[in-house]
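Once you've looked at the hints, dock chains B and C against the given chain A.
Chains as they are written, first to last, in the numbering used here: chain A, 1334 to 1611; chain B, 2 to 124; chain C, 36 to 267.
I should point out that these hints are in silico values taken from the structure, not numbers from a laboratory. Hints may be right or wrong, so weigh each one.
DSBU-like, lysine-lysine: derived pairs with alpha carbons at most 35 Å apart [stated by the list, open to error]:
1. Lys157/C - Lys239/C
2. Lys117/C - Lys1605/A
3. Lys266/C - Lys19/B
4. Lys159/C - Lys1605/A
5. Lys117/C - Lys1528/A
Incomplete in silico selection of chain C near chain A, CB under 7 Å [as the list claims (entries may be wrong)]:
6. Asn86
7. Leu88
8. Ser90
9. Lys108
10. Tyr113
11. Pro115
12. Lys117
13. Cys119
14. Met120
15. Asp135
Computed Cβ-Cβ distance ranges for the label pairs, DEER-style [stated by the list, open to error]:
16. Gln143/C - Gly72/B: 20 to 30 Å
17. Lys1485/A - Gln122/C: 55 to 65 Å
18. Gln57/B - Gln252/C: 13 to 23 Å
19. Gly72/B - Gly138/C: 28 to 38 Å
20. Gly57/C - Val1581/A: 54 to 64 Å
21. Val1529/A - Gly57/C: 33 to 43 Å
22. Leu1335/A - Gly191/C: 33 to 43 Å
23. Leu1546/A - Gly138/C: 36 to 46 Å
24. Gln143/C - Gln57/B: 26 to 36 Å
25. Gly57/C - Ala1594/A: 31 to 41 Å
26. Leu1490/A - Gln122/C: 50 to 60 Å
27. Gly104/C - Arg1348/A: 51 to 61 Å
C-beta: ideal position from N, C-alpha, C; glycine also.
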Amino acid sequence: MLGKLIKHELRGSGRTMLPFILVSLFFSVMAGLSIRGLERQQDYGWFTVVFGIVIFLFVAGLMAVCIMSIVVVINRFRQNLLGDEGYLMFTLPVSVDEHIWSKLIVSFIWFAATFLTCMLAMVLMLVCNVDQFEVNWTEVGYVFSELGRALKNFGILHIVGYCLELLVMAFGSAGVTCLTFYCAMAIGYSFSNRKVLMSILAFIGIDILFTVLQSSVVMLLNNIPGVERFMENLDLSRVSAAGSVHIVLLGWILYLVVYAAVLYIPTRLLLKKKLNLP
Amino acid sequence: MDWVFNNDMPIYTQLVDKIKLSIVSGQLPPGEKLSTVRDLAAEAKVNPNTMQRAFQELERAGLVFSQRSSGRFVTEDVEVIMEAKKAMARQYVESFMKSMEQLGYAEEEILHLLEEGKKEEKQ
Amino acid sequence: MTATFECRGLSKHFGATQALDGVNISIAPGRVVGLLGPNGSGKTTLIKLANGLLSPSEGEILICGSRPGPETKAVVSYLPDKTCMPQWMNAQQLMDFFQDFYGDFDRQRAEEMLGRLGLDQKQKLSQMSKGTKEKVQLIMVMSRKAKLYLLDEPIGGVDPATRDYILDTIIRNYDPEAVVIISTHLISDVEKVLDEVLFINQGKVTLQASVDDIRQQYGMSVDEYFREVFKC
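Isolated chain A (complex conformation) (with noise of 0.2 Å):
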């Protein structure tokens, strides 16, 4: 079912996103032609304007399609599941559960589209600007070598044990993004009115909330005074630099875990319970 889900909501949300992304595509290889076209220009006549208006296009579409995948995010959940389309929804055979994270995953899915859209564009906007596409296979040669070093001295199993952490790190933020805004929606929305504005509100108190949160846990953790000689204890010279890059980002991701945790069960609870359709 949570595959169901995840297609559905694909084509829900991609009917927006998608008309973005290519858009900002095209104006990025619009926009690399008309740099070149700029280049031959000699005199300032109205063709530079248009050109300049590609350009600036190019950049504003980019920047489109990032807010456009924050806005789509928040609105799929609104629409999706607290508005009119909530009674289809909630009375499908699913858990609240699959709901949630078929949400969290396409969010994740439209992230890394937008990431790679804005380094698609740059390279497009590139391979149009160049007459040659000239490699200075030299330099690419070099950079090899640095990286053949790297891997050595790190160990091919470090490497992709770092790009897995890499991977669900980024996975754990966007997580935690939508569901600051998901909880914050739950909150606001289990209101009979002002829903809207009691979600801006619920949004601020959580940002407030984690904030207070963190710069408490940090002080109580400096202030207990067994942490200092546990950390002492750690002897973290034993641990390799490998190791030690290791441990700050499984750090961070338990952090980003916890963090989600907190959101979600919250988010969960009231959309099972507080359920407060139109």
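Here is chains B and C on its own, set in the frame of chain A:
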């Protein structure tokens, strides 16, 4: 068939009466195959259970019979239909007489009125 | 045989408001039941509890013997009193959706009913008239071979022809193993389609009886009897 119902009687009894009327008047001839309960219920805009109940009553009265796979049919027994027709006619006469008596007419006057009515019709 | 729909001492309150108070109901399979009561009597609350959209404050509600959850949602088909389907979808996509999530969705039946309406399957919901939208929603709901159908005010706010169409669809899709609960305040239109009625007022169920019994006992239609009972 006219599917207008009044409010003071259960629907299924009214259904029984209406179907009985169609049978005795010849609108549904003997041996005629009847539509399914579902189709008739949809036509009459009534609950299928109610239509089913009406048919059960008609089966009990012997006016209708069902064959396992082929469906429901009007009985071919013309005598049963005749009996039912007579019984209905007697009911109509009874209620007619009661209404007339309520108006204050005696038996002889009623017969006189009937004859007058016949003459007018012929004209 | 387990009752399809059962409430035991069911109560629901929202803060200080008591929406349902100690409701006890049992409905056997094959019945078409009218949930009749004035606005605000608790009809929609009861239906939402059956759907799992709300949870009971006290007591319990059982669908085929189980508490509302994903398993009961798979056998309950719900028609809310508003448009709930994504407006960007067309009829074909809607059928794909229902087919995906509900194992009991009879696509052939749905296609047939849509065909009889003369509907273009590629037309988006947002482009349809209100009446057509409601018919499409009804078709999707009635094309499922569910154990419990919950229709919340299916005929309010539609023209008489659409009303006839809706009642016709309900009759034609009748399933002797299922229960159909129709919540409405337009009783005279629906009465002939009902087996039994539940009178509900101020959160309490005051009567559960068959339509025939009421007519026989009181010599009047359920609509007339209802007006008597709920006279202001």
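Hints versus structure:
no.: 1; hint: Lys157/C - Lys239/C; result: violated, 45 Å
no.: 2; hint: Lys117/C - Lys1605/A; result: holds, 21 Å
no.: 3; hint: Lys266/C - Lys19/B; result: holds, 34 Å
no.: 4; hint: Lys159/C - Lys1605/A; result: holds, 31 Å
no.: 5; hint: Lys117/C - Lys1528/A; result: holds, 20 Å
no.: 6; hint: Asn86; result: holds, 5 Å
no.: 7; hint: Leu88; result: holds, 6 Å
no.: 8; hint: Ser90; result: holds, 6 Å
no.: 9; hint: Lys108; result: holds, 4 Å
no.: 10; hint: Tyr113; result: holds, 5 Å
no.: 11; hint: Pro115; result: holds, 4 Å
no.: 12; hint: Lys117; result: holds, 6 Å
no.: 13; hint: Cys119; result: holds, 4 Å
no.: 14; hint: Met120; result: holds, 6 Å
no.: 15; hint: Asp135; result: holds, 5 Å
no.: 16; hint: Gln143/C - Gly72/B: 20 to 30 Å; result: holds, 23 Å
no.: 17; hint: Lys1485/A - Gln122/C: 55 to 65 Å; result: holds, 58 Å
no.: 18; hint: Gln57/B - Gln252/C: 13 to 23 Å; result: holds, 21 Å
no.: 19; hint: Gly72/B - Gly138/C: 28 to 38 Å; result: holds, 31 Å
no.: 20; hint: Gly57/C - Val1581/A: 54 to 64 Å; result: holds, 59 Å
no.: 21; hint: Val1529/A - Gly57/C: 33 to 43 Å; result: holds, 37 Å
no.: 22; hint: Leu1335/A - Gly191/C: 33 to 43 Å; result: holds, 36 Å
no.: 23; hint: Leu1546/A - Gly138/C: 36 to 46 Å; result: holds, 45 Å
no.: 24; hint: Gln143/C - Gln57/B: 26 to 36 Å; result: holds, 31 Å
no.: 25; hint: Gly57/C - Ala1594/A: 31 to 41 Å; result: holds, 39 Å
no.: 26; hint: Leu1490/A - Gln122/C: 50 to 60 Å; result: holds, 51 Å
no.: 27; hint: Gly104/C - Arg1348/A: 51 to 61 Å; result: violated, 31 Å
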